[in-house]
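K.L.:
So the sequences go chain by chain: A and B.
In this text, residue positions in the first sequence follow the numbering used here: the first is 191, and each later residue adds one.
In this text, residue positions in the second sequence follow the numbering used here: the first is 191, and each later residue adds one.
Certain hints may be false.
Chain copies aren't distinguished; within one or between two, either way the pair holds.
[Claimed, not checked] In silico BS3-like pairs for lysine-lysine, Cα to Cα no more than 27 Å straight-line:
| no. | residue 1 | residue 2 |
| --- | --- | --- |
| 1 | 461 | 261 |
| 2 | 222 | 461 |
| 3 | 261 | 336 |
| 4 | 222 | 336 |
| 5 | 222 | 261 |
| 6 | 222 | 309 |
| 7 | 309 | 461 |
| 8 | 309 | 261 |
| 9 | 336 | 461 |
| 10 | 336 | 309 |
Read the hints as simulated data drawn from the structure, not as lab findings.
Protein chains: 2
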Amino acid sequence: MLARTGLLATCETPALVLDERRMQRNIDRLRKRLAPHRVTLRPHIKTPKSIDVARRVLTNGNGPVTVSTLKEAEELFAAGVTDILYAVGIAPNKLERVQSLRAQGGDLAVILDSVDQAKAVAAVSRTAPIPALIEIDSDGHRAGVKPGDPQIEAIGRALVDGGAILRGVMTHCGGSYGAQGDAELEAFAEQERLAVVTAAQRLRSAGLPCPVVSVGSSPTAHFARNLAGVTEVRAGVFVFFDLVMAGIGVCALDDIAISVLTTVIGHEPTKNWVIVDAGWMALSRDRGTQGQAVDQGYGLVCDADGVPFPHLIVSQVNQEHGIVSVRPGSDAPMPDLPIGMLLRILPNHACATAAQFDAYRVLQADGTSLATWPRFRGW
Amino acid sequence: MLARTGLLATCETPALVLDERRMQRNIDRLRKRLAPHRVTLRPHIKTPKSIDVARRVLTNGNGPVTVSTLKEAEELFAAGVTDILYAVGIAPNKLERVQSLRAQGGDLAVILDSVDQAKAVAAVSRTAPIPALIEIDSDGHRAGVKPGDPQIEAIGRALVDGGAILRGVMTHCGGSYGAQGDAELEAFAEQERLAVVTAAQRLRSAGLPCPVVSVGSSPTAHFARNLAGVTEVRAGVFVFFDLVMAGIGVCALDDIAISVLTTVIGHEPTKNWVIVDAGWMALSRDRGTQGQAVDQGYGLVCDADGVPFPHLIVSQVNQEHGIVSVRPGSDAPMPDLPIGMLLRILPNHACATAAQFDAYRVLQADGTSLATWPRFRGW
Numbered sequence: 191m192l193a194r195t196g197l198l199a200t201c202e203t204p205a206l207v208l209d210e211r212r213m214q215r216n217i218d219r220l221r222k223r224l225a226p227h228r229v230t231l232r233p234h235i236k237t238p239k240s241i242d243v244a245r246r247v248l249t250n251g252n253g254p255v256t257v258s259t260l261k262e263a264e265e266l267f268a269a270g271v272t273d274i275l276y277a278v279g280i281a282p283n284k285l286e287r288v289q290s291l292r293a294q295g296g297d298l299a300v301i302l303d304s305v306d307q308a309k310a311v312a313a314v315s316r317t318a319p320i321p322a323l324i325e326i327d328s329d330g331h332r333a334g335v336k337p338g339d340p341q342i343e344a345i346g347r348a349l350v351d352g353g354a355i356l357r358g359v360m361t362h363c364g365g366s367y368g369a370q371g372d373a374e375l376e377a378f379a380e381q382e383r384l385a386v387v388t389a390a391q392r393l394r395s396a397g398l399p400c401p402v403v404s405v406g407s408s409p410t411a412h413f414a415r416n417l418a419g420v421t422e423v424r425a426g427v428f429v430f431f432d433l434v435m436a437g438i439g440v441c442a443l444d445d446i447a448i449s450v451l452t453t454v455i456g457h458e459p460t461k462n463w464v465i466v467d468a469g470w471m472a473l474s475r476d477r478g479t480q481g482q483a484v485d486q487g488y489g490l491v492c493d494a495d496g497v498p499f500p501h502l503i504v505s506q507v508n509q510e511h512g513i514v515s516v517r518p519g520s521d522a523p524m525p526d527l528p529i530g531m532l533l534r535i536l537p538n539h540a541c542a543t544a545a546q547f548d549a550y551r552v553l554q555a556d557g558t559s560l561a562t563w564p565r566f567r568g569w
Numbered sequence: 191m192l193a194r195t196g197l198l199a200t201c202e203t204p205a206l207v208l209d210e211r212r213m214q215r216n217i218d219r220l221r222k223r224l225a226p227h228r229v230t231l232r233p234h235i236k237t238p239k240s241i242d243v244a245r246r247v248l249t250n251g252n253g254p255v256t257v258s259t260l261k262e263a264e265e266l267f268a269a270g271v272t273d274i275l276y277a278v279g280i281a282p283n284k285l286e287r288v289q290s291l292r293a294q295g296g297d298l299a300v301i302l303d304s305v306d307q308a309k310a311v312a313a314v315s316r317t318a319p320i321p322a323l324i325e326i327d328s329d330g331h332r333a334g335v336k337p338g339d340p341q342i343e344a345i346g347r348a349l350v351d352g353g354a355i356l357r358g359v360m361t362h363c364g365g366s367y368g369a370q371g372d373a374e375l376e377a378f379a380e381q382e383r384l385a386v387v388t389a390a391q392r393l394r395s396a397g398l399p400c401p402v403v404s405v406g407s408s409p410t411a412h413f414a415r416n417l418a419g420v421t422e423v424r425a426g427v428f429v430f431f432d433l434v435m436a437g438i439g440v441c442a443l444d445d446i447a448i449s450v451l452t453t454v455i456g457h458e459p460t461k462n463w464v465i466v467d468a469g470w471m472a473l474s475r476d477r478g479t480q481g482q483a484v485d486q487g488y489g490l491v492c493d494a495d496g497v498p499f500p501h502l503i504v505s506q507v508n509q510e511h512g513i514v515s516v517r518p519g520s521d522a523p524m525p526d527l528p529i530g531m532l533l534r535i536l537p538n539h540a541c542a543t544a545a546q547f548d549a550y551r552v553l554q555a556d557g558t559s560l561a562t563w564p565r566f567r568g569w
């Protein structure tokens with residue numbers, strides 16, 4: 191362990207550190223969990239935004255994969271991935287770019303939840319048909335059509351009659367992020383399944399096709415007991431995990447595969463503060479654990495080997511400053527953290543923190559070297 | 191106006207829009223305000239991170255300038271800017287990079303607030319002396335030595351005796367972001383001035399040099415009545431302004447020069463929600479107005495011409511989804527915002543929102559074209 195993390199002394203700080211062994215363990219865990227359910231795992235690349243991570247998480251070289259931006263789709267396609275689901279409701283002004291990627295050979299599918307969008311997709315499908323999934327609202331947290339809404343058939347008809355391809359239904363039970371404990375997580379997973387299976391049944395009863403029935407969120411993927419009727423599962427943050435997932439109970443702290451390497455740059459002894467060079471520009475402003483049982487501030491502080499100081503959190507951030515302090519309510523002493531010392535911060539939300547960096551510094555599984563894996567960004 | 195914003199229809203969304211006329215007005219306003227005080231304006235480039243903006247805000251081509259990362263220093267130096275203050279407490283592991291830029295001809299100064307840092311700077315100064323300013327704590331909000339602390343002389347001596355250059359004192363009254371109204375802002379500005387002038391006096395009384403006496407924050411820069419003893423003023427966010435600054439009373443909504451262009455991608459009529467393609471990846475997670483009199487959620491919604499819907503805010507965000515809703519407490523109706531419509535979102539915090547993008551799409555002052563100005567990022 192020390193040999194591996196000793197490599198970090200050569201890094202400029204702040205830096206985004208990825209522990210490849212932990213990542214591989216997380217990937218293996220979800221694959222193993224889903225295997226008996228005979229569903230396709232369609233990983234969401236919005237978390238890693240990295241070809242190197244994609245290669246390790248994809249079951250085969252060409253997909254399937256989920257993306258949150260067309261930029262991700264284009265980057266993955268350029269790397270040889272063809273089976274791509276763009277899982278944000280399609281805007282009409284993005285359809286030209288969708289068609290362009292499809293014309294090059296990418297099997298890029300879109301999602302939508304209104305007849306207006308279906309008509310826009312159909313209009314563009316006159317030259318070449320675009321596949322679309324209908325987004326189903328399984329928990330009221332964001333977008334989608336309710337499973338019992340007759341709009342589902344209307345959208346399906348607008349697609350099929352207009353010359354587009356109705357590929358199926360999908361949902362994301364983001365509400366599961368508010369769950370706590372196994373029973374609640376299992377209930378959210380079943381609610382998610384039931385929503386899409388019901389919607390798929392509506393379409394089929396109306397004589398419409400529905401080959402794909404897609405569910406997904408990292409919490410439900412790890413707690414679903416029954417996936418009958420589901421054909422694929424999407425999940426993103428599970429490759430890295432984070433403090434929010436640990437707070438929900440989906441992973442342990444020891445599973446969190448990314449952290450922000452930072453240097454101690456000051457002390458305010460009268461306030462019992464240590465200042466580090468990781469502010470919100472490095473950690474992000476995500477406060478996802480604020481509403482959980484344990485509020486981790488802007489992140490949990492570890493030593494350079496990744497071992498947590500259980501009572502130390504980043505309590506405040508400015509752009510390039512983080513203030514490390516003892517967790518409110520704890521009377522643990524502040525350890526001696528001299529100027530120049532390296533620390534690592536576990537993030538609240540892996541997607542948000544990783545997005546602040548252009549590359550991962552990778553503690554590789556072989557333990558001998560520190561690789562650099564680039565990330566992509568933008569839209 | 192319509193002719194200018196009509197140009198935005200060609201943009202992919204989300205996009206970061208910069209209104210050059212508003213920016214120029216903001217720059218002119220601060221220059222005019224500081225002129226009678228005969229102080230140097232040392233703009234902070236952590237906000238724009240753009241050579242194009244730097245050219246417009248710097249009083250002459252080669253500086254002076256403030257930066258928050260060595261990356262900013264290197265980018266500006268490559269563009270011909272030489273007088274640079276790196277205004278985050280120096281970490282010993284960054285000194286080699288500081289020396290490298292200085293060896294190329296950049297006059298890069300660092301800041302520090304401990305004898306340990308001063309000794310580290312002095313140790314590296316044996317080959318070529320590095321200039322350092324002592325950071326003074328004017329408001330207890332973050333780092334720095336209290337103005338009455340004898341550590342100030344100890345740090346000064348460690349620099350001078352060790353062969354480094356003691357260039358002066360600096361402070362940032364970040365506490366002014368919590369101010370409200372002219373009287374409080376003026377009081378913070380005076381507190382900031384008094385802190386550095388007192389510290390400078392301590393150094394000079396001890397026979398130590400203190401040529402530079404530097405204060406700075408956008409709120410205090412706009413409200414200081416007395417700058418006696420101060421040689422330079424730093425400010426960053428004033429070039430763009432934002433909802434936080436408007437909430438404090440430093441600017442009007444109409445002064446905010448950046449916004450996020452977004453497209454309507456869905457409706458949830460039962461919840462009175464409109465979904466847009468700007469989530470936290472575009473807007474950032476900054477909730478800087480949360481503690482202000484008017485909480486603007488994740489941003490205030492405007493039409494494509496930049497005219498606010500006063501009752502519409504982005505109330506929730508996911509990675510690539512924003513939920514637009516009527517402000518809590520308002521019974522204003524949701525306007526008709528059809529799928530595909532372009533909107534613009536005013537940000538809580540210009541530094542954080544701009545950091546989510548790689549470029550500005552610029553509505554230029556001449557009104558005829560849409561320029562693209564790249565941003566830099568990273569460390």
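K.L.:
Have a look at residue 461 and residue 261 and pick one of within, between, both or neither, based on CA distance no larger than 27 Å.
P.N.:
neither (45 Å within a copy, 31 Å between copies)
K.L.:
Within, between, both or neither: how does the pair residue 309, residue 461 come out at a Cα-Cα threshold of 27 Å?
P.N.:
between (60 Å within a copy, 24 Å between copies)
K.L.:
My question is about residue 222 and residue 336: at a cut-off of 27 Å on alpha-carbon distance, are they close within one copy, between copies, both, or neither?
P.N.:
neither (32 Å within a copy, 57 Å between copies)
K.L.:
For residue 309 vs residue 261, is the C-alpha pair at or below 27 Å within one copy, between two copies, both, or neither?
P.N.:
within (24 Å within a copy, 47 Å between copies)
K.L.:
Please sort residue 222 with residue 309 into within, between, both or neither, judging by C-alpha distance up to 27 Å.
P.N.:
Answer is neither; intra-copy 40 Å and inter-copy 54 Å both fail.
K.L.:
If the cut is 27 Å between Cα atoms, do residue 336 and residue 309 qualify within a copy, between copies, both or neither?
P.N.:
Intra 20 Å, inter 65 Å, cutoff 27 Å: intra-copy only.
K.L.:
Treating 27 Å as the Cα threshold, decide for residue 336 and residue 461: within, between, both or neither.
P.N.:
Between copies only: 12 Å across chains, 52 Å inside a chain, cut-off 27 Å.
K.L.:
Please work out whether the CA atoms of residue 222 and residue 461 approach to 27 Å or closer within one copy, between two copies, in both situations, or in neither?
P.N.:
neither (48 Å within a copy, 39 Å between copies)
K.L.:
If the cutoff is 27 Å on CA atoms, where do residue 222 and residue 261 land: within, between, both or neither? Let me know, please.
P.N.:
Neither: 30 Å inside a chain and 43 Å across chains, both beyond 27 Å.
K.L.:
Between copies, within a copy, both or neither: which fits residue 261 and residue 336 at Cα up to 27 Å?
P.N.:
neither (29 Å within a copy, 49 Å between copies)
Going down the numbered hints, you'll see the structure goes against 1, 2, 3, 4, 5 and 6, while the others check out.
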